[in-house]
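Chemist: Here the protein sequences line up with chains V and R, keeping their order. By UniProt numbering, the letter at position 249 of the first sequence is numbered 249, and the numbering carries on one by one without gaps. By UniProt numbering, the letter at position 163 of the second sequence is numbered 163, and the numbering carries on one by one without gaps.
Source of the hints: derived by calculation from the structure; they are not laboratory data. Some clues are possibly wrong.
A pair counts as met if it fits within one copy or between any two copies, since identical chains are not told apart.
Under the rule of at most 25 angstroms between Cα atoms (straight-line distance), these lysine to any residue pairs were calculated in the SDA-like manner [said to hold, decoys possible]:
| id | residue 1 | residue 2 |
| --- | --- | --- |
| 1 | 181 | 123 |
| 2 | 194 | 233 |
| 3 | 181 | 40 |
| 4 | 181 | 45 |
| 5 | 181 | 78 |
Chain residues, written in single-letter form:
Number of protein chains: 2
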Amino acid sequence: MSPSNAERIDWIAVDWGTSNLRAWGMVDDRAVATVTAPTGMGGLERHQFEPALLAAIEPWLSADRTIEVVACGMVGARQGWQEVPYVSVPTEPIVASAMQQVATSDSRISVSIIHGLSQTEPADVMRGEETQIAGLLAQEPDFTGVACLPGTHSKWARIEAGRVVSFRTFMTGELFALLAKQSVLRHSMAGSDKLHDAVFDDAVRVVAERPADLSSLLFGIRAAGLVGGPNNLDARSRLSGLLIGTELVAMQQGWSGGEVVLIGADQLADRYSRGLQALGGTARIVDAQTCTLAGLVASRNRLLEAR
Amino acid sequence: MSPSNAERIDWIAVDWGTSNLRAWGMVDDRAVATVTAPTGMGGLERHQFEPALLAAIEPWLSADRTIEVVACGMVGARQGWQEVPYVSVPTEPIVASAMQQVATSDSRISVSIIHGLSQTEPADVMRGEETQIAGLLAQEPDFTGVACLPGTHSKWARIEAGRVVSFRTFMTGELFALLAKQSVLRHSMAGSDKLHDAVFDDAVRVVAERPADLSSLLFGIRAAGLVGGPNNLDARSRLSGLLIGTELVAMQQGWSGGEVVLIGADQLADRYSRGLQALGGTARIVDAQTCTLAGLVASRNRLLEAR
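Turn these sequences into a full structure, and let the hints guide you.
Modeler: Structural data, given as structure tokens:
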């Protein structure tokens, strides 16, 4: 970032999750600088949030003005900087009046945190994904349909007329990490993150036929290594396929009606797309970080309109 | 144990699992002394098995004779004292010719380790449970039907005419431990091990209706705590019911034909029994440790017959 850019930055967008903080220096709706820090919400006590933010964005601050910061993600959770209550669906993904300003010691910043979304029946919550959905709608205002946001806790949201009507969370990503790293299956998982496509597709189809068998099919990965000899690439592919396949068959009503928009990145979004194809569905991938930034821009615009 | 018993002990039965070693001093088919040590196979290098065994059974040994030791469990696994290959089903649970003697430095003991069982299609393995099944058959030689052995990796075995015809493993217990202690659900799990029966039963029935929804129903436990306020007793009961319910519905063909024998103990066997009742099945609990000891006795008798 050049000094001339720093002088022009007029607000700061922040995506502050459990593991990382990412900030963008903005000129109107355009990012002209970015910084990432490992100071995620998960490792911070309440009094450490302001210093962590200042450390990341210090070069963009100046003593003679107060710069606006808009943040989304786990920073607004109960264990975050300040708990910002959820807004219940059905709702527009971003509600300006539900965003909250946080008191700061440093007068060079004025920080607003975006609320998450909640659902009562069945109980569900999201925090951060609402901003990505707002970003999708900023790019495609007429979008109606189902968006899937793969991740540690993947979300499926039904979107109609600019509103999130309902949503559902699956622990698929967290189960994958626990099983691959900490269960008896870890013995079969060493090696690269690459996947064997045919094994993945087969696992998706097998578990879709009989989803109740999941924990038996999982142990089968270990047993296959003991009975037939280990094959770590196959084992990893099968684990991924079994878990994603179970999620996809549970959401079949959601995706069988038309194309799913996958708000994701890299290998994980590709796998969901592959899995949907294996079951006869179709998906389109929209870049997650682009959606996050577009959603932060939309949120800031809502704040400006509300003033 | 009195010294007079020690003098009379003529062989030693050992259940040597991942976490613990339990030994019984035997007079014919009767245990007259027992000892438990925390030296499970999981914490031992190969050269540490003999010293660990000797430390546990030293009081029963004397310099002027060689005493027979018969051991079952993970001691015979690849990472155990000596790998004893599996016997493929269909088979009698114990095959004397497949048991293996281990070389020892100490001439006061002569150690035989029981094989496990394996299945090729679908791939599956057990090690230790074959001895419990042999114990069930020693007590009920005409038993035909399905036995369920709940645990970290629960097993369901189809038994006919004294033979294990086929079996299936579920990772249910390991999933429960991972989710309760290491996942986002851990925040809802503090407190006692007691369960709320009605919540457990309801969870069993809910997941039996839609087993593919498991990972979404699991996240619902966390979401219910965030949206409706925490209730740790309910959360723990629900987690247990969702996981056991999924296993039970997968095995419905196995238990819908008649009474299941649960080879188990304490709360876990009770929960499987409750779960089966919630879905319209019936179960009878047979004490696991009694079966283990009876199976070790049967194994030793097979060895004697084979000589």
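Chemist: If a hint holds in the structure, say so; if it doesn't, say that too.
Modeler: Going through the hints against the structure:
1. For the identical chains of this complex, residue 181 and residue 123 are inter-copy neighbours only, at 22 angstroms across copies versus 29 angstroms inside a copy, given an alpha-carbon limit of 25 angstroms.
2. For a Cα distance limit of 25 angstroms, the shortest separation of residue 194 from residue 233 inside one copy, 7 angstroms, qualifies, whereas the shortest one across copies, 41 angstroms, does not.
3. When the C-alpha separation of residue 181 and residue 40 is checked against a cutoff of 25 angstroms, the pair qualifies both within a copy, at 22 angstroms, and between copies, at 22 angstroms.
4. For a Cα distance limit of 25 angstroms, the shortest separation of residue 181 from residue 45 across copies, 22 angstroms, qualifies, whereas the shortest one inside one copy, 27 angstroms, does not.
5. In this homomeric assembly, residue 181 and residue 78 come within 25 angstroms of each other (Cα to Cα) only across copies, at 20 angstroms, whereas the closest approach inside a single copy is 28 angstroms.
The structure meets every hint from the earlier list without exception.
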